[in-house]
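Asker: What follows is each chain in one-letter form.
There are 2 protein chains.
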Amino acid sequence: MMQPAQIHCWDIFELALAGPETGNPFRDVRLVGRFQQGARVLEAEGFYDGGGVYRLRFMPDTPGEWRYVTSCNLPELDGVAGALTCLPARPGVHGPVRVADTYHFAYADGTRHFSIGTTCYAWTSQPEALQEQTLRSLADSPFNKIRMCVFPKDYTYNKNEPDDYAFERAANGEGFDFSRLNPVFFQRFERRVAQLGELGIEADVILFHPYDRWGFSRMTAETDERYLRYVIARLAAFRNVWWSLANEYDILKAKTMADWDRFFRILQTYDPYQHLRSIHNWQAQGTYDTRTFYDHGKPWVTHCSVQHGEVELAAQWRELYRKPVVIDECCYEGNLPNAWGNLSPEEMVRRFWETTVGGGYCGHGETYLDGQDVIWWAKGGVLKGKSPQRIAFLRRILEEIPQGWIDPQGRVTNNNQNSAGQRGRYYLTYFGCRQPGEATLNLPEGIYRADLIDTWEMNITPLQGTLRGSETIALPSRPYMALRVQSI
Amino acid sequence: MMQPAQIHCWDIFELALAGPETGNPFRDVRLVGRFQQGARVLEAEGFYDGGGVYRLRFMPDTPGEWRYVTSCNLPELDGVAGALTCLPARPGVHGPVRVADTYHFAYADGTRHFSIGTTCYAWTSQPEALQEQTLRSLADSPFNKIRMCVFPKDYTYNKNEPDDYAFERAANGEGFDFSRLNPVFFQRFERRVAQLGELGIEADVILFHPYDRWGFSRMTAETDERYLRYVIARLAAFRNVWWSLANEYDILKAKTMADWDRFFRILQTYDPYQHLRSIHNWQAQGTYDTRTFYDHGKPWVTHCSVQHGEVELAAQWRELYRKPVVIDECCYEGNLPNAWGNLSPEEMVRRFWETTVGGGYCGHGETYLDGQDVIWWAKGGVLKGKSPQRIAFLRRILEEIPQGWIDPQGRVTNNNQNSAGQRGRYYLTYFGCRQPGEATLNLPEGIYRADLIDTWEMNITPLQGTLRGSETIALPSRPYMALRVQSI
Numbered sequence: 322m323m324q325p326a327q328i329h330c331w332d333i334f335e336l337a338l339a340g341p342e343t344g345n346p347f348r349d350v351r352l353v354g355r356f357q358q359g360a361r362v363l364e365a366e367g368f369y370d371g372g373g374v375y376r377l378r379f380m381p382d383t384p385g386e387w388r389y390v391t392s393c394n395l396p397e398l399d400g401v402a403g404a405l406t407c408l409p410a411r412p413g414v415h416g417p418v419r420v421a422d423t424y425h426f427a428y429a430d431g432t433r434h435f436s437i438g439t440t441c442y443a444w445t446s447q448p449e450a451l452q453e454q455t456l457r458s459l460a461d462s463p464f465n466k467i468r469m470c471v472f473p474k475d476y477t478y479n480k481n482e483p484d485d486y487a488f489e490r491a492a493n494g495e496g497f498d499f500s501r502l503n504p505v506f507f508q509r510f511e512r513r514v515a516q517l518g519e520l521g522i523e524a525d526v527i528l529f530h531p532y533d534r535w536g537f538s539r540m541t542a543e544t545d546e547r548y549l550r551y552v553i554a555r556l557a558a559f560r561n562v563w564w565s566l567a568n569e570y571d572i573l574k575a576k577t578m579a580d581w582d583r584f585f586r587i588l589q590t591y592d593p594y595q596h597l598r599s600i601h602n603w604q605a606q607g608t609y610d611t612r613t614f615y616d617h618g619k620p621w622v623t624h625c626s627v628q629h630g631e632v633e634l635a636a637q638w639r640e641l642y643r644k645p646v647v648i649d650e651c652c653y654e655g656n657l658p659n660a661w662g663n664l665s666p667e668e669m670v671r672r673f674w675e676t677t678v679g680g681g682y683c684g685h686g687e688t689y690l691d692g693q694d695v696i697w698w699a700k701g702g703v704l705k706g707k708s709p710q711r712i713a714f715l716r717r718i719l720e721e722i723p724q725g726w727i728d729p730q731g732r733v734t735n736n737n738q739n740s741a742g743q744r745g746r747y748y749l750t751y752f753g754c755r756q757p758g759e760a761t762l763n764l765p766e767g768i769y770r771a772d773l774i775d776t777w778e779m780n781i782t783p784l785q786g787t788l789r790g791s792e793t794i795a796l797p798s799r800p801y802m803a804l805r806v807q808s809i
Numbered sequence: 322m323m324q325p326a327q328i329h330c331w332d333i334f335e336l337a338l339a340g341p342e343t344g345n346p347f348r349d350v351r352l353v354g355r356f357q358q359g360a361r362v363l364e365a366e367g368f369y370d371g372g373g374v375y376r377l378r379f380m381p382d383t384p385g386e387w388r389y390v391t392s393c394n395l396p397e398l399d400g401v402a403g404a405l406t407c408l409p410a411r412p413g414v415h416g417p418v419r420v421a422d423t424y425h426f427a428y429a430d431g432t433r434h435f436s437i438g439t440t441c442y443a444w445t446s447q448p449e450a451l452q453e454q455t456l457r458s459l460a461d462s463p464f465n466k467i468r469m470c471v472f473p474k475d476y477t478y479n480k481n482e483p484d485d486y487a488f489e490r491a492a493n494g495e496g497f498d499f500s501r502l503n504p505v506f507f508q509r510f511e512r513r514v515a516q517l518g519e520l521g522i523e524a525d526v527i528l529f530h531p532y533d534r535w536g537f538s539r540m541t542a543e544t545d546e547r548y549l550r551y552v553i554a555r556l557a558a559f560r561n562v563w564w565s566l567a568n569e570y571d572i573l574k575a576k577t578m579a580d581w582d583r584f585f586r587i588l589q590t591y592d593p594y595q596h597l598r599s600i601h602n603w604q605a606q607g608t609y610d611t612r613t614f615y616d617h618g619k620p621w622v623t624h625c626s627v628q629h630g631e632v633e634l635a636a637q638w639r640e641l642y643r644k645p646v647v648i649d650e651c652c653y654e655g656n657l658p659n660a661w662g663n664l665s666p667e668e669m670v671r672r673f674w675e676t677t678v679g680g681g682y683c684g685h686g687e688t689y690l691d692g693q694d695v696i697w698w699a700k701g702g703v704l705k706g707k708s709p710q711r712i713a714f715l716r717r718i719l720e721e722i723p724q725g726w727i728d729p730q731g732r733v734t735n736n737n738q739n740s741a742g743q744r745g746r747y748y749l750t751y752f753g754c755r756q757p758g759e760a761t762l763n764l765p766e767g768i769y770r771a772d773l774i775d776t777w778e779m780n781i782t783p784l785q786g787t788l789r790g791s792e793t794i795a796l797p798s799r800p801y802m803a804l805r806v807q808s809i
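In the order they appear, the protein sequences are chains A and B. Read left to right, the first sequence gives residues 322 to 809 (the numbering used here). Read left to right, the second sequence gives residues 322 to 809 (the numbering used here).
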């Protein structure tokens, strides 16, 4: 037997096995790895990577020795056994993001994850140089999650053809052979996922979407499942993957609610790591009605992925579903004609703050008209807006919370404004387009200090002295202010 | 018989009759005037004005001769007959405001009334000098309607005692003799109504409200009716009166829905001129639910008087009630701690414009903290905010509409923004916190010209050339812009 491979926790162990190149391994070969540490067993499906190479990936989540053995309907890939040693995580690697404390997120090692997402739906379908530019932009941005589609996008400002596709082209050159995945496509795609991981950015992988001229939104049930299991087999071992079953699922008319339920169950069954799972809606926008949401109360949904402009409702959705609320789409900063793409930066930043004090997490997107037809929300490239630096400022404030997360605290001031915080310890109140000249705080027992935060100018001014009980403090009578109160 | 009195149309004819000073004329005397022109008869109740003087007021609405005769349970006031000649209206006098074209308002002579209201709830309960200052401020303002209470107000920033009250003080000095109205109070109050009339400002007279330490919100049914009929007898002849049955009626716990219905019927029965009638709600604020509105669909309600911050709903309420929608309270510009009183001026102006393109009419109020405790919304005084001049600019734009009013036109541009206008003639689109860089218009047959309006900077920039059919125009990618398109 070989010397056990050494792999750091939450990195990827990969077993490459040689096998037949003939036939249709995508359809006909089932390879499963059984990874065991003590009594604990994780099963991961393998995948055919082209050229006669079959791969099995595994992300160990606990240091120590893991043993594995394969099972396969091809004898030459069956019963391959071995071991690997999982070393402690590399510095900066915290594992996959999980739900924490009902409404929040943390990495597997317990490190808090304050989700600050952005959106570049089709960035991996662009020319290589543009993808590299997007990565550089992301590295300089505050964003720690990005929504990105597997399939290319056919939509306004999203018309260009990608270099390759998730499925092989049909032999006759017309359309696709949906029985064969395209390893070259996925090799490129997963390289981007890995690069995001090294930047500390979660890849919120959108598995289906309705902006489709190729047929990927109208595949058969069998193809859908093969596709999903292939994606899981390739990507689940990447610690920074989140599963987004769809963007605007309710526009995908070829799928029924039973299909979505089934897709969630496929993710539940085949993802050994139970990465975060959700699904993003279209029609609730502009109403106070959640009937067009997919029911986030279903047990396989880990968190709410919401499209809605009324971000003040985040706190209500938390109570309704008892899960984290991520408002992945609240419209985008930009100047498109379209209402979903022309928020002023002030309004974009306001929506981030309102979501935050509602106990939710907001997502960004940017849609400035571009002479080269490169819009961040579609293709990536460079960020042109004024909101990202303010969102970075908000992220800094969140990360400065001494411990834990912040939840709605009702009305800590007499301003009728909602506050988020931790009772007796920390309160963050946001005033938005309100401009109170004063506020009376009603604080539980304790001694506190306060900071006035200008969320637009991005400065923090400590207030003189300490606070206790009921105290009235002066505020500057201008919009976009916040107040941070912390116990001493 | 005397020479007939001469009175201009929509001015007040007043008959003063001497009668007994003894007893309780408020309770025991019923004086009615029957005014007849041709086959048309209007009946108006008279009132006791103290000092043995009984008055009967009449506002003629048609030039020519009117004959009258009184009836009274006191023989000396019964059967007094006479005539008056109604002359054409004085310049600038257009008569009472009526509902026009289902969703709008016009004066009796057909002149359009674009309702641009403000709010000084207790201004007539303030010292004389302050009332005079309020009138001067109103004269320089864009406002053509003011919400004002008959009763004094006991509320935050509204604690001072007025000089007098609608009822006489009780003989023992404790509380009030609710069987006796106070003519001196009403003489002062109606003088203010008349002064507003001369300024072209409608007095939206609030008959009941819940902010009460005196007992005016908890009177008996008999007293309520006597009070209402006395107010009608004195004030209905003022052309600029609107009846607002209550402010925040649903806080007045001593009244039932049947009481409000009855009060509306009293107004219907005794107001010969059928001035506009509505009632203002509290609880719907912050919901999309109209169940806490008084049902504006009831036949005696002439228009919807709404408190709500989601002014974008105006168009829906129009459709629901098929009446004009006046959002009398959408929060106020100011810097109070209270959320209802600390809108930024930008947000106040935005709400006016959003209401306008929803086919409704918005109301203003101002609540800046004041060292002298004089806040416009409560007591009047001077206007300190930045919204009134922008509201004046909006009023100018409305008055420049060549004819008629503007109604929701759906989406005339590709921006998902609502427009108000007249099909094929006039379109006003407002972008609010949106900042599109372009818009594609889809115009019905015809040739049009367009103006770009900066609603905050208050300038109007004509676009070069003419438009027809589907045309894309450049917009400046900044918030608070509007687009006006008019047929040539």
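These are calculated hints, taken from the structure and not from any lab test. Don't take every hint at face value.
No copy is singled out in the list; a pair is fine if it fits within one copy or between any two copies.
Unchecked claim - In silico SDA-like links for lysine to any residue, alpha-carbon gap of 20 Å or less: (1) Lys480 with Arg411; (2) Lys705 with Pro797; (3) Lys574 with Glu386; (4) Lys574 with Ala360; (5) Lys707 with Pro797; (6) Lys480 with Asp422; (7) Lys705 with Gln357; (8) Lys705 with Leu456; (9) Lys619 with Leu690.
Model, not experiment: these values are computed from the prediction.
Asker: How do lysine 619 and leucine 690 come out at 20 Å by Cα distance, when the copy is not named: within, between, both, or neither?
Answerer: Classified as neither; 39 Å inside a copy, 49 Å across copies.
Asker: At most 20 Å between alpha carbons: which applies to lysine 574 and glutamate 386, within, between, both or neither?
Answerer: neither (47 Å within a copy, 72 Å between copies)
Asker: Since the copies are identical, ignore which copy is meant and state whether lysine 480 and aspartate 422 lie within 20 Å (CA to CA) inside a copy, between copies, both or neither.
Answerer: neither (42 Å within a copy, 47 Å between copies)
Asker: Check lysine 480 against arginine 411 for me: Cα-Cα at most 20 Å, and say if that holds within a copy, between copies, both or neither.
Answerer: Result: close neither inside a copy nor across copies, 40 Å intra and 66 Å inter.
Asker: Under a CA distance limit of 20 Å, which applies to lysine 574 and alanine 360: within one copy, between copies, both, or neither?
Answerer: Classified as neither; 44 Å inside a copy, 67 Å across copies.
Asker: Up to 20 Å between alpha-carbons, please classify lysine 707 paired with proline 797: within, between, both or neither.
Answerer: For lysine 707 and proline 797, the Cα distance is within 20 Å only across copies (16 Å; inside one copy 23 Å).
Asker: Using 20 Å as the alpha-carbon threshold, which applies to lysine 705 and proline 797: within, between, both, or neither?
Answerer: between (30 Å within a copy, 16 Å between copies)
Asker: Checking an output row: lysine 705 and glutamine 357, CA cutoff 20 Å. Within, between, both or neither?
Answerer: Neither, since 48 Å and 73 Å both go past 20 Å.
Asker: First find the shortest C-alpha distance between lysine 705 and leucine 456 inside one copy, then the shortest across copies, and answer within, between, both or neither for a cut-off of 20 Å.
Answerer: Close inside one copy (15 Å), not across copies (50 Å); limit 20 Å.
Comparing the model with each numbered hint stated earlier shows that hints 1, 3, 4, 6, 7, 9 do not hold.
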